[in-house]
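Student: Chains L and B are the protein sequences, given in the same order.
Everything in the first sequence is counted per our numbering, starting at 1 for the first residue and increasing by one.
Everything in the second sequence is counted per our numbering, starting at 1 for the first residue and increasing by one.
Fair warning: there could be bad hints in the mix.
No copy labels: a pair is met if it fits in one copy or bridges any two.
Keeping only pairs whose Cα atoms sit at most 25 Å apart, straight-line, the calculated SDA-like set for lysine to any residue is [stated by the list, open to error]:
#1 K234 / E290
#2 K146 / P321
#3 K153 / S308
#4 K362 / A124
#5 K2 / V116
#6 K234 / E300
#7 K265 / D286
#8 K234 / V325
#9 K81 / A124
#10 K265 / K362
#11 K265 / G346
#12 K81 / G215
#13 K234 / H140
#14 K152 / A324
#15 K153 / E295
#16 K265 / G233
#17 K81 / N109
#18 K265 / L288
Honestly, the hints are just simulated from the structure, not real lab data.
Number of protein chains: 2
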Amino acid sequence: MKVDGTAYRSIWLSDDGWSVGIIDQTVLPHRFVTVRLETLEDAAVAIETMQVRGAPLIGATAAYGICLALRAETTDENLEKACERLAGTRPTAVNLHWAIDEMRRALENTAPEDRVSAAYERAALICDEDVETNRQIGVHGLEIIKEHAARKKGGRVNILTHCNAGWLATVDWGTALAPIYMAHDDGIDVHVWVDETRPRNQGAALTAWELGSHGVPHTVIVDNAGGHLMQHGKVDLCIVGTDRTAASGDVANKIGTYLKALAAKDNNVPFYVALPHSTIDWSIDDGLREIPIEERGPEEITTVSGRSGEGAVDSVSITAPGSAVANPAFDVTPARLVTKLITDRGSCPPSREDLAVLFPEKA
Amino acid sequence: MKVDGTAYRSIWLSDDGWSVGIIDQTVLPHRFVTVRLETLEDAAVAIETMQVRGAPLIGATAAYGICLALRAETTDENLEKACERLAGTRPTAVNLHWAIDEMRRALENTAPEDRVSAAYERAALICDEDVETNRQIGVHGLEIIKEHAARKKGGRVNILTHCNAGWLATVDWGTALAPIYMAHDDGIDVHVWVDETRPRNQGAALTAWELGSHGVPHTVIVDNAGGHLMQHGKVDLCIVGTDRTAASGDVANKIGTYLKALAAKDNNVPFYVALPHSTIDWSIDDGLREIPIEERGPEEITTVSGRSGEGAVDSVSITAPGSAVANPAFDVTPARLVTKLITDRGSCPPSREDLAVLFPEKA
């Protein structure tokens, strides 16, 4: 999508034909800084430090990380070492592993001298496929927004979202935000309630920045406020992303998603989850019991980063000194709270049977 | 309770016998600063800027504000002007109005020359009564914690709380935290999950600081995390405060309380609300429709204050520049989600009938 009138993807091959460009998402929305990745370690650290985040973008960055590793050394050992290094960066993200497996499959039977070009080709394909996947999610989600717009007879459609499942989290378009961008571009009067999404504030920082850059009306709220808005009829539907989707339709998404799904249920607000097929884990039936939840560092909670008076990106400590902190990064929303899954092959109720109709080859 | 070994209340008469001391709660937990109130305006501004906050402490501060106003001028007109000025500081807090009415009743039939001493006497009584009220809440809430401790056979009792309903929010003891302090002092192994409570972070700043100062084990979490903890059996009960309690048992408390109550219901975790009788509004049956919700300024969301690297209290801007912001300060938790109300006269199910048994003279 566009930044100051210039079209960007969230990851791209540089003009030199080998190094990889990304946007440093840790300093958004305060500064727009692009970073050049030149080595496997650059890519791994970009994932670990969340300069790139969002399941699809993590996958794309891992794919290019393997390209950069092979550029240094094309051996089987180095390919395997690169896959292992990248696999350890973010344990919860299922399509990090999907992207690594795709790359490994494309490369393990390729002669070492052909591996570099094959890797770049496969990584570019992963990116292009992601863009097309998200476009398809947008098309199917747009139908749902159109239904709500029709019910409101042209009145404003208010959509609540959590965290950032926009183009910054993917290669382009986004998952949860793709239908919203399309609805806006289609002339539907959409307005987005943006959960700030503590502890990392991806909503207030990234989603608000994205939507603002594209001209979509939106309002930032604290994570505590969504239930109140739903009680008072100010939310017509929720659309969120997911980092990992159980075949049963349980979804692991950013911590706090479950609370919004409970409020949506309590107030008869439809709760939609947008996802690329790569986030579906067909081996999992009970998301709550089987999806491991990443526990991240305490400093994400004790410290908040933002623009200081002088315009620099600075951070302040907010918690009482000496207090213990816990930081589970995701929670699992049970399928019973999800109205529909919006996939790149269409929308369906959240169940193995319904997903199997859309993805018969996987089921 | 104690601060560095010294017993404090949250508001006190200074040694000079007329000016009023408070703790500036806007700079806690970073600095411990006391402030001297000398005029009505000092008191009104302390309430407005939330140097003092929490329903009972707001009431006590308003009572002393009237003392300070009368000290300047003892006329009927000035008494009425003072009451009006104070009543406008925080519209949602019902016992701000209760305290003002108590003072007005005690003073309107008092001769002007006796008003100052009568006002100070009545304000001191309001403070002492609040301390006793909270002690009673503590005694009744302790019974509930003891039941949970017995069920866990001496294992740790994990209690989730939201915002700050501790001694800093009252004159001493606190409402939601009074039972916890008593349980801890009684040798029960309690541990408190402290919601940070955006936007003003009263949990991470004040509740964590209070509990830490008293030696109660606790862990700070983001507001998004409580549901996840309940799904995994890590919360035995919730205790929160309330700013306004409908006679039906609906409770208006800090924004986000409703989301935790939903999660508690979904996971069979008992959800208790601790309250002094002064927060009960006997005229209200439908909290959701009838309790007006204060909308506060956007800067509470866009800006976060904390300790900078240099140790000063500083603030940073966290939201995307140009994004709109909405800031409802409270939400209403319907009685159907509340297990029991813990009042200064005992605990009861959340209903007009049950409250009437405890408060027959009011019902």
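Student: Could you run down the list of hints and mark each one as holding or not?
Tutor: Do the hints match the structure? See the list:
1. Proximity of K234 to E290 under the C-alpha cut-off of 25 Å is restricted to the inter-copy arrangement: shortest distance 17 Å between copies versus 35 Å within a copy.
2. For a Cα distance limit of 25 Å, the shortest separation of K146 from P321 qualifies neither inside one copy, at 50 Å, nor across copies, at 30 Å.
3. For a Cα distance limit of 25 Å, the shortest separation of K153 from S308 qualifies neither inside one copy, at 44 Å, nor across copies, at 50 Å.
4. Proximity of K362 and A124 under a CA criterion of 25 Å is satisfied intra-copy only: 24 Å inside one chain copy versus 73 Å between copies.
5. For the homomeric pair K2 and V116, neither the shortest alpha-carbon distance inside one copy (31 Å) nor that between copies (66 Å) is at most 25 Å.
6. Proximity of K234 and E300 under a CA criterion of 25 Å is satisfied inter-copy only: 21 Å between copies versus 31 Å inside one chain copy.
7. Within a single copy, K265 and D286 get their C-alpha atoms as close as 20 Å, and across copies as close as 20 Å, so both meet the 25 Å cut-off.
8. Within a single copy, K234 and V325 get their C-alpha atoms only as close as 33 Å, which misses the 25 Å cut-off; across copies the closest is 14 Å, which meets it.
9. Within a single copy, K81 and A124 get their C-alpha atoms as close as 21 Å, which meets the 25 Å cut-off; across copies the closest is 72 Å, which misses it.
10. With identical chains, the CA atoms of K265 and K362 are never at most 25 Å apart, being 30 Å at best within one copy and 36 Å at best between copies.
11. Taking the shortest alpha-carbon separations for K265 and G346, only the intra-copy value of 23 Å comes in at or below 25 Å, while the best inter-copy value is 33 Å.
12. For a Cα distance limit of 25 Å, the shortest separation of K81 from G215 qualifies neither inside one copy, at 44 Å, nor across copies, at 48 Å.
13. For the identical chains of this complex, K234 and H140 are intra-copy neighbours only, at 24 Å inside a copy versus 39 Å across copies, given an alpha-carbon limit of 25 Å.
14. Taking CA atoms no more than 25 Å apart as the test, K152 paired with A324 passes between copies only; the shortest distance there is 23 Å, against 47 Å inside one copy.
15. In the homo-oligomer, the alpha carbons of K153 and E295 never lie at most 25 Å apart, since the shortest distance is 45 Å inside one protomer and 29 Å across protomers.
16. In the homo-oligomer, the alpha carbons of K265 and G233 lie at most 25 Å apart both inside one protomer (13 Å) and across protomers (22 Å), since each shortest distance falls under that limit.
17. Taking the shortest Cα distances, K81 and N109 sit within 25 Å of each other inside one copy (16 Å), while across copies they are farther apart (86 Å).
18. For the homomeric pair K265 and L288, the shortest alpha-carbon distances inside one copy (18 Å) and between copies (17 Å) are both at most 25 Å.
When the structure is compared with the earlier hints, violations turn up for hints 2, 3, 5, 10, 12 and 15 and for no others.
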